[in-house]
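**Student:** Could you build all of it, start to finish, from the sequences and the hints given here?
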Amino acid sequence: MDSSSLPYTTKDFELTIRELSDTYEELSLLYRLPEILSGMGVDEIAQQVVEEAITTLDVKTAALLLYDEDGRKLCTKAFRGRWDKSTIPFGDNSVIWDAVEGKKPLAFCKLPETDQVDFAPSGSPVLVCPLIGKEKLIGAMVLADRESQAEFYSNDIQLMMAIASHAALTIENALLYKELEDFLLFAIRSLVKALEASSEWTAGHTERVTEYAIAIGTIMGLTEKQIERLKVCSLLHDIGKIAISKDILDKPDNLTPEEIREVQRHSMIGAEILGGFKQLQDVISGIKYHHEHWDGSDSFMGLKGEDIPLMSRILAVADTFDAMTSDRPYRKRKAREETIREILSLAGRQFDPAVVDAFRKWISRQHPVSSP
Amino acid sequence: MVSPGNMKKVLVIDDEPFILMMIEAKLSEAGLNVLTLREGRDALSFIRGELPDLVILDWMMPGLSGIELCRMVKEDPELSHIPIFLLTAKGQDADKEAAFESGASLYITKPFSPKALLKMVNDAIGGQ
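Protein sequences appear in the order of chains A and B. Quick note: the first sequence uses the working numbering, first residue 175, plus one each step. Quick note: the second sequence uses the working numbering, first residue 298, plus one each step.
Calculated directly from the structure, the hints in this document are not laboratory data. One or more hints might be untrue.
Pairs of lysine-lysine, PhoX-like flavour, derived with a Cα cap of 25 Å [unchecked claim]:
hint, chain 1, residue 1, chain 2, residue 2
1, B, Lys-407, B, Lys-393
2, A, Lys-310, A, Lys-284
3, A, Lys-234, B, Lys-416
4, A, Lys-277, A, Lys-310
5, B, Lys-371, B, Lys-306
6, A, Lys-278, A, Lys-251
7, A, Lys-234, B, Lys-371
8, B, Lys-393, A, Lys-185
9, A, Lys-399, A, Lys-352
**Tutor:** This is the structure:
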């Protein structure tokens, strides 16, 4: 074909290809975004969306803001570049509020003098996109300080709106999920309170064990998700005691071997009580086996070593530490140092050595103790 | 100025002209010597003649499929060292294993990010 007969120059042609290439870049982002953001918490989503906006739109400053509960200010969830605001009260930086209230993106190649903002060099282009979820307006994204100093064109705005609407939906979902999760934790805590109210000896035990277990798990390098599960597991670990006779739990003398067996049944009963929660299967195993011994000796259910779930192994140490350092009906609490030595000496026997090692590190961070 | 003789040579084979143009624009902008073909037939002898540093191949092409061509390149002792990227449309993910079995070093799903592709090319052949 003779290209000289076309009203386009090679330069036009090159520009068109470059533009198509940009569009393709954007298309690929929109394909990737759902995959990248799935399963993330709100903070992670916000940070990821900011990073993607920075690369895709070639800006140096980007921030993602969410409404606070009463809807009177916007709070920064994630940002990069020249951004130093944690909150923007209603009316401040009015260009942002104009976009949010108007539910429309606003792009400025040069901000009007009256709409002064303090996050972009004067005269530089700014783009503000509202974040509109399925239910409602949840916040805004602000982009400024473009690498090329070019203004934001309609295709940039369109792309940013596509990113923003996906981000808004994902954040909204994550917030709802978080709300459900909080509700579950609240329900669990109420259940635990009901249990603890029935015996003065165990008051506060669950919260302390949970605190210790999380500290040990964190030192062992568990992921955020694993820690979340460990928390639920620790909160619920003694729930089976509801079914154990108060006479035994509150007995002022030493327990007979039969009574000890009876008390130990609480781990299995707890697992049974919670058995219907499909979402808690790992937690239930953690509870069921938290009185198993690492070396298999005296194991209630016959597990040993790494066959015992990690949550149970951590729980075993945290639970023992609190039980021994608290008063019980049948004995006074032991001295802290003595308890620590005893737990250290049981590494490899009753307890997983790796867990005991993390326990030792945690203890020595608080009050250094002399080694046994 | 880098002379064409020193430039890294990348061969792109795809039956979609838009993809060809786009990859060519992106890679040559970054100082790579880009050769293009619209189909897989005759590609093997072309590769023997040109000895590119890297080949980017579309999986689905009329005539000879990308994966067959990939296998042929990998079976040729003179050519087997050349890294190959396979491009495929979204939704054909199940064939990922087949792609690696054929000897491809990367498997890229369309639509891909041209920026990311350039980075992967540079990582594979040690460009800038």
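**Student:** Each hint: holds or not?
**Tutor:** Verification of the supplied hints:
{"no.": "1", "hint": "B:Lys-407 with B:Lys-393", "result": "holds (13 Å)"}
{"no.": "2", "hint": "A:Lys-310 with A:Lys-284", "result": "violated (30 Å)"}
{"no.": "3", "hint": "A:Lys-234 with B:Lys-416", "result": "holds (21 Å)"}
{"no.": "4", "hint": "A:Lys-277 with A:Lys-310", "result": "holds (10 Å)"}
{"no.": "5", "hint": "B:Lys-371 with B:Lys-306", "result": "holds (18 Å)"}
{"no.": "6", "hint": "A:Lys-278 with A:Lys-251", "result": "holds (20 Å)"}
{"no.": "7", "hint": "A:Lys-234 with B:Lys-371", "result": "violated (44 Å)"}
{"no.": "8", "hint": "B:Lys-393 with A:Lys-185", "result": "violated (39 Å)"}
{"no.": "9", "hint": "A:Lys-399 with A:Lys-352", "result": "holds (13 Å)"}
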